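Visitor: Residues per chain, in single letters:
Protein chains: 2
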Amino acid sequence: MKFGGTSMAGIERIRTVAARVKREVEAGNQVAVVVSAMAGETDRLVGFCREASALYDPREYDVVVSSGEQVTSGLLAIALQAIGVPARSWLGWQLPIHTSDAFSRARIGTIDTEALDASLARGEVAVIPGFQGVAEGDRITTLGRGGSDTSAVAVAAAMKAERCDIYTDVDGVYTTDPRIVPRARKLARVTYEEMLELASVGAKVLQTRSVGLAMKENVRVQVLSSFTGDDAPMADTLPGTMIVGEEEITDVERQLITGIAHDKNEAKITLAAVPDKPGAVASVFGPLAEAGINVDMIVQNIAHSTGSTDVTFTVPSADLARSLDVLGQAKATIGYDKLVHDTRVAKISVVGVGMRSHAGVASTMFTTLGERGINIQAITTSEIKVSVLIEEDYTELAVRVLHTAYGLDAEVEAA
Amino acid sequence: MKFGGTSMAGIERIRTVAARVKREVEAGNQVAVVVSAMAGETDRLVGFCREASALYDPREYDVVVSSGEQVTSGLLAIALQAIGVPARSWLGWQLPIHTSDAFSRARIGTIDTEALDASLARGEVAVIPGFQGVAEGDRITTLGRGGSDTSAVAVAAAMKAERCDIYTDVDGVYTTDPRIVPRARKLARVTYEEMLELASVGAKVLQTRSVGLAMKENVRVQVLSSFTGDDAPMADTLPGTMIVGEEEITDVERQLITGIAHDKNEAKITLAAVPDKPGAVASVFGPLAEAGINVDMIVQNIAHSTGSTDVTFTVPSADLARSLDVLGQAKATIGYDKLVHDTRVAKISVVGVGMRSHAGVASTMFTTLGERGINIQAITTSEIKVSVLIEEDYTELAVRVLHTAYGLDAEVEAA
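Residue numbers (the working numbering), protein chains in the order written: chain A, 1 to 415; chain B, 1 to 415.
In case anyone wonders, no lab produced these hints; they're calculated from the structure. It should be emphasised that the depicted structure is a prediction, and the values quoted were computed from it without experimental measurement. Think of the CB as a built atom: it goes at the ideal place given N, C-alpha and C, for glycine as much as any other residue. Warning: the hint list may mix true and false statements.
Stated by the list, open to error - Straight-line C-alpha distance at most 25 angstroms; calculated DMTMM-like pairs for lysine to aspartate or glutamate:
| # | chain 1 | residue 1 | chain 2 | residue 2 |
| --- | --- | --- | --- | --- |
| 1 | B | K264 | B | E383 |
| 2 | A | K22 | B | E51 |
| 3 | B | K22 | A | E51 |
As the list claims (entries may be wrong) - Derived DEER-like restraints, expressed as beta-carbon distance ranges:
| # | chain 1 | residue 1 | chain 2 | residue 2 | range |
| --- | --- | --- | --- | --- | --- |
| 4 | B | S317 | A | A115 | 42 to 48 angstroms |
| 5 | A | T110 | B | F285 | 42 to 48 angstroms |
| 6 | A | E114 | B | G84 | 53 to 59 angstroms |
| 7 | A | A115 | B | N218 | 36 to 42 angstroms |
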């Protein structure tokens, strides 16, 4: 079971979490709980580090920010004991959860489960702080923001858990954002690959890394709401969304398209009149890659008669200023004429493992958007996804018409 | 160097601490710094534990409350690096600082200094969270409130440090409370024994345990003000108070009386008409000892002609309710007639190693108080201390007249 910062924000909520854990224990399950810091606490601690030095040592940053989860894991253990559930906390260095030494953004390696297994066998609930681990040389590491989901999946994998239940602010994964489409449907099951595409294009239910890890380790992940009250049914009967391997999806369940995602956090950059010669594209994207900037959609127009070409691509909005800086410095090397950028764009994606065996998914998308006069500025596709870049103002309209076009609308509006 | 919670309350103050540490480094010293949590933070964390359960597991309590010092040690390391001083934090479990497994009130055993010594030899400042250690089985412990002074002395002892500088809210140890006697003098030196007596009777400069440890390990402790500003002279020239062994006090410095302490936190209990027979006293103090209540001053009146006696003693005010409860339950066993108590009492103590070789100290005290009409309710003495119990309202008067009587008044008032 994994609980986020909102569920841990204050002792009253921690008591609610304890009650929920108790019900799982009483149902005969052995339980390990991974917890986040109290909502707002990590921001407070990160703020201290930044105030102390803009160029803070990431090793010391990890010492500071890992304390938030340390506090909540101790408190949940106390709250569990208070209602008669034997429990103890296990800090990252105590298990240990071995990680790389990439401080502040470490990767989990192996997790020693010997002590943990023995503790569960004694009937104790293990409370494990998310987001933290330990690197060689016994130094505390953290996994980067949102890393607690990854901790939960990694612990579930190491323990060969039957299930990894992730309690969040939402009660499952929907065919699209219900705030845009009231008739969005909650998905009973979704595959890892679909979830990865849905998460990485803006369906912010789970951290992308955690889904990738779940896929690699074949951990069944259930997304559940932490706000269904104390008298809610047991987790395994709650109507959340189960994230599973493709083989678990039956033919009856299989849809052509699973969901529609949108992402307004991309910015478009166009380099006009880049010399159309070998190495030109490398001279554009090499410096961006060196600066650690992820380029997403790329469109290269056909060459002008002048022997030059326009190159258009997207970067995360947060990296736009840095990207312009990098490209400005490389102007002579690249040899472009003009650089223009646009943050008023949105990426709309249709996602589904079903499209592997069906042609026509992309064409339905282009036709549907075209009929509404929505201009497509760029296109990317993967095996299970088609994404287009459009003007930001059309985001909601595009999502709604596509949701209907692919037959995803529920018969009644969600509550 | 040890800095308390007020010195660590916020990044600006942590920067001031870093600047002070830097000056010591630039003076050619190798420095380990022991830090407290930010002022108020430990109270916040203790509050969480109490709210989670009145009967919290002290092992989990230690996980929670130790995080306060973890945060400040990381932040001070960052602040030091920011001004060009190589530094790293060493948590209790990293050194490690071995302690007993008396969670929430553990005792320091040994401290491994191999890694620490190597770090200092590389020119790094070691930043060590106070108040915490690790017990067998790799579980975090804390030393009880105010334990950071003890951590500092223990680290200084383990490292064979030349000096342990404790920065506090006061700028040294005075002959008495300057708020009561404006002509109180700051002591340049005081012996461990005197400091122990002064601290345990209410001169709240250092935690008593830390002074006892300093005496046992022969650590030279200097008490300094942390509020003398950034441009203050180097610590070793600041006019703080040095706490040393008696052999370091020269004959010229040696005073008959070093200081006058007062303590309003005791309560007086009188059991009237206790049977005057063997075992009666044991039946009074046995149950109190079992309840962990420290009885201080004891006066047993001469037996009444009825074959009974009155027993008067003091306990810490905080333990009064529990003491009355214990004694109430033991009434039949003890066989006393009446139980009365009084919290409006104060203990006044004159302290000084010089009194070992001088008679007449106690008699001066009794005469001086008697001349002012101050009634003495109980007396205890040790080799270097005479204490009397008086009515609380006379506390300030008693301290002032004794300060003058023993020739302690400075020629001018302190600033």
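Visitor: Against this structure, judge whether each hint is valid.
Guide: Status of the hints after comparison with the structure:
For the proposed pair K264 (chain B) and E383 (chain B), the alpha carbon gap of about 23 angstroms is at most 25 angstroms, so the pair holds. A distance of roughly 19 angstroms separates the Cα atoms of K22 (chain A) and E51 (chain B); the hinted pair therefore holds under the 25 angstroms criterion. For the suggested pair K22 (chain B) and E51 (chain A), the alpha carbons sit about 19 angstroms apart, so the restraint of at most 25 angstroms is met. One distance hint, 42 to 48 angstroms for the beta-carbon pair S317 (chain B) and A115 (chain A), holds here, with the actual separation near 44 angstroms.
The hinted range of 42 to 48 angstroms is not satisfied by T110 (chain A) and F285 (chain B), whose Cβ atoms lie roughly 57 angstroms apart. Distance hint check for E114 (chain A) and G84 (chain B): the Cβ-Cβ separation is about 44 angstroms, which falls outside the suggested range of 53 to 59 angstroms. Distance hint check for A115 (chain A) and N218 (chain B): the Cβ-Cβ separation is about 40 angstroms, which falls inside the suggested range of 36 to 42 angstroms.
Hint compliance for this structure: hints 5 and 6 are broken, all remaining hints hold.
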